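Colleague: The primary structure of each chain is shown beneath.
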Amino acid sequence: MVVTKDGVVVAEVLGPDLRKEVVAAVSSHMIQVSARSLEDLGRGTLERVAVTSAHGRMVFVNLDVGYLVVITKMEMKLGQVLIEVESAARKIKQLHSRI
Amino acid sequence: MGLWANFKANRELAEARRDVARARSPYSIAQFIDKCIELGRLDQAFEDAEKGIQEFPESESLQEAYKRMIRAKCADDLKAYRDEIRTSPGPKAYYRLACLYKEMRDLDQAVELARKGMEDYPNFEGNYIVLADLRYERFQRDLRASDGLEATQLFEKAVDLNGENYRLLFQLAEIYRAIGARDHAIAKVKMILNFAPDDRNALNLLAQLKSAKAPKSNDLKEILQDFERRAAAGNFRQQGQLSARYLANPDQLERKLPSLDRMPGFQRVVVLGPHGELLAAHPGGAQGNRNEADTLKKMFAAAIDCSLRMDISTFEKGLFESEAGFTYLVVADSLQIAVLSNTKVKKEKLRQDVHRFVEHDLYI
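One line per chain: the protein sequences are C and Z, in this order.
FYI, in the numbering used here the residues of the first sequence are 2 to 100.
FYI, in the numbering used here the residues of the second sequence are 165 to 528.
Incorrect hints may appear among the rest.
Stated by the list, open to error - Quick list of in silico lysine to aspartate or glutamate cross-link-like pairs, EDC-like style, CA-CA up to 16 Å: (1) 74(C) <-> 276(Z); (2) 461(Z) <-> 40(C); (3) 78(C) <-> 240(Z); (4) 74(C) <-> 272(Z); (5) 78(C) <-> 270(Z); (6) 74(C) <-> 480(Z); (7) 462(Z) <-> 40(C).
It should be emphasised that the hints constitute simulated quantities derived from the structure, not laboratory data.
A quick note: this is a predicted structure, and the numbers were derived from the prediction, not measured.
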């Protein structure tokens, strides 16, 4: 899903177990809290977050105009997920720069 | 294995065992298990993995080592069951393979197979039970009403298909009792007594249930939501070994933190308790890191909530990358550990060093 910091969905392809509104709202909250916290800690702008949970992974990538949010199952290795996500983020950024 | 090879393997194992004895931690036990796997001593690996998990149930190293061990041990079964699905698929073939994946802790595969078995053969109860078990496991860990509801619905579906499955009925009655759904539990015990009227376990359970307090509502959804509220208030969570040790003695924890100084790029570590209370920090000690701890507490809360609401279960770790470096959050046995580093360290090295610190240094 591509979502703005305020939770507006720009584009999405979600699996059957995920609801668009929930993913957008929760992602937006997570991004806002993380970005603000990192600034408060003096660590600058949030670029990427990779979360591992008991049953899956989430990756958030800053696209400047919004965030790319990817949720995967556990069976995918983190390194593999990050390569795919970075590649998708690059393509989206290129696409945006052409508009 | 030849005589010489056997002798050599024994010597290597003895050496590995001495390493564990010198500093017993989940990390060192996991390394021993890996050594056993490498040497083909799978029974030894199994024995130590079982003991280790009993001793350190929250340890990530041991869970991973257990998975590797069980995969090595079940490799032949896995091949046979996969072949069975290819050549003569049936409800039991899906059930067997799903159970095997569940045992191997490959839960995505287990869910996928059980779902497929359930869709293709809806009148066989086994695949409902596998899915229900997995959902119930998750309910036990996350204590979320939605998981509990889904688990009980799946178990009920299995009961509809086979109302004389003793183990299933007893398990469901125990689950209802644990969440406070007394009348639901009584109904299941009565089903057991219909076909096994003298069963002592069922009669005992019935007596216990009848003497228990009746719930305010009989609606399962409401009961589970009430359970979730009580769980959120911390009524059911048990303290693990690490949190019990360091909540009682945060000074001991603070003395361990400087060992992270040797990590390349290390800047700061802050450790919070299960409710976000500041336990220890380095450098500067707890007093010198109050503001950082408040901010990190918010980050932990957001990540934990986000994981649960995205339906990927309990948050374990998160790497936050920003201009100034990495902020690595790890939850280990209810302790919330935040390690801050600059960009000089490689991400994988940061993960490994923090993993070792959590799974070894904190336990010894």
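Colleague: It remains to establish, for every hint, whether it holds in the given structure.
Modeller: Hints and how they fare:
About 11 Å separates the Cα atoms of residue 74(C) and residue 276(Z), which keeps this hinted pair within 16 Å; it holds. Between residue 461(Z) and residue 40(C), the direct Cα distance comes to roughly 14 Å. Compliance with the 16 Å bound is thereby established for this hinted pair. Distance restraint check for residue 78(C) and residue 240(Z): the Cα-Cα separation of roughly 24 Å exceeds the 16 Å cut-off, and the hinted pair is therefore not satisfied. With a CA separation close to 7 Å, the supplied pair residue 74(C) and residue 272(Z) stays within the 16 Å bound.
About 13 Å separates the Cα atoms of residue 78(C) and residue 270(Z), which keeps this hinted pair within 16 Å; it holds. Annotation: proposed proximity of residue 74(C) to residue 480(Z) holds, straight-line Cα distance about 14 Å (limit 16 Å). Between residue 462(Z) and residue 40(C), the direct Cα distance comes to roughly 13 Å. Compliance with the 16 Å bound is thereby established for this hinted pair.
In this structure, the one hint that does not hold is number 3.
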